[in-house]
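J.: Using the sequences plus the hints, can you model the full thing?
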Amino acid sequence: MDFKDKKVLITGASRGIGKATAEAFAKKGATVGLNYRSNQEEAEKTISGLTGNGHQLFEYDISQKENCKKLIDDFVKAYGRLDVLVNNAGISIFHEIDQVDFDHWTHAWEETFKTNLFAAANLCYWGAQAMMKTGRGRIVNVSSRGSFRGEPTKPAYGASKAALNAMSQSLAKKLAPHNIYIGVVAPGFTETEMAAVTLTPAERENLLRESPFKRMAQPSEVAHAILFLASEGAEYTSGTIIDVNGASYLRS
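Residue numbers (our numbering): 30 to 281.
Everything labelled a hint here was simulated from the structure, so no lab data went into it. Only a predicted model underlies this, so the values are computations on that prediction, with no experimental measurement involved. Accuracy of the hints is not assured; some may be wrong.
[As the list claims (entries may be wrong)] With a cut-off of at most 16 Å between alpha-carbon atoms, the simulated EDC-like pairs for lysine to aspartate or glutamate come out as follows:
id, residue 1, residue 2
1, 183, 140
2, 99, 88
3, 94, 139
4, 74, 222
5, 243, 232
6, 74, 52
7, 203, 264
8, 98, 88
9, 56, 250
T.: Given below as structure tokens:
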């Protein structure tokens, strides 16, 4: 996979899967724009470690819809065009229906959907407008295993990712005549910095038992699937959802 001279925008790019994806694109010759919400220190660390030159940081809270247009406009102003958009930013909030009050419940749904679905939809809209001007483009949306198996402690997260899947497949049909191709990567639990901090030893052990590999995914493994969907020659996979969950959840 060669991304020489490609202009790539990645949301949620300061850590975890986003960081690994930025590193993978940069190693393949792409110029990368890294969007982050507030963690400037981590974002600067990430961009300083990227191969090549010309990479830029874009600080925007994309859960605010007006920022989605600003992000795409700023990226195109900086680079002249948008070749690849990776919607990776996401949040999850615990809100077990038998444990929380109604205010917590509604807050979790509203905040989760603002980032996980509405921001991705808005960025797809403005990203597609930019791509239609050049007559080509790739969009890869990062979903989750939870969109298929359910998330009993975070139902809004599972629902937002299921909606992201459906939206992506609808857009794959609509945008194909414009030479814009849409793919989805659905990771299982991934070994990120956040996982290291938030998981208890018991939770980690349970997660390791879910996969016959007896481990979680590495961010670089998820990034590999993202790069494939964004690559030249993968056009006929448009609408595809690639599971990266170590056979921990198999669907027909």
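J.: None of the hints should be skipped; say for each whether it holds.
T.: Hints, verified against the model:
{"no.": "1", "hint": "183 x 140", "in the structure": "12 Å, holds"}
{"no.": "2", "hint": "99 x 88", "in the structure": "10 Å, holds"}
{"no.": "3", "hint": "94 x 139", "in the structure": "14 Å, holds"}
{"no.": "4", "hint": "74 x 222", "in the structure": "14 Å, holds"}
{"no.": "5", "hint": "243 x 232", "in the structure": "13 Å, holds"}
{"no.": "6", "hint": "74 x 52", "in the structure": "12 Å, holds"}
{"no.": "7", "hint": "203 x 264", "in the structure": "14 Å, holds"}
{"no.": "8", "hint": "98 x 88", "in the structure": "13 Å, holds"}
{"no.": "9", "hint": "56 x 250", "in the structure": "15 Å, holds"}
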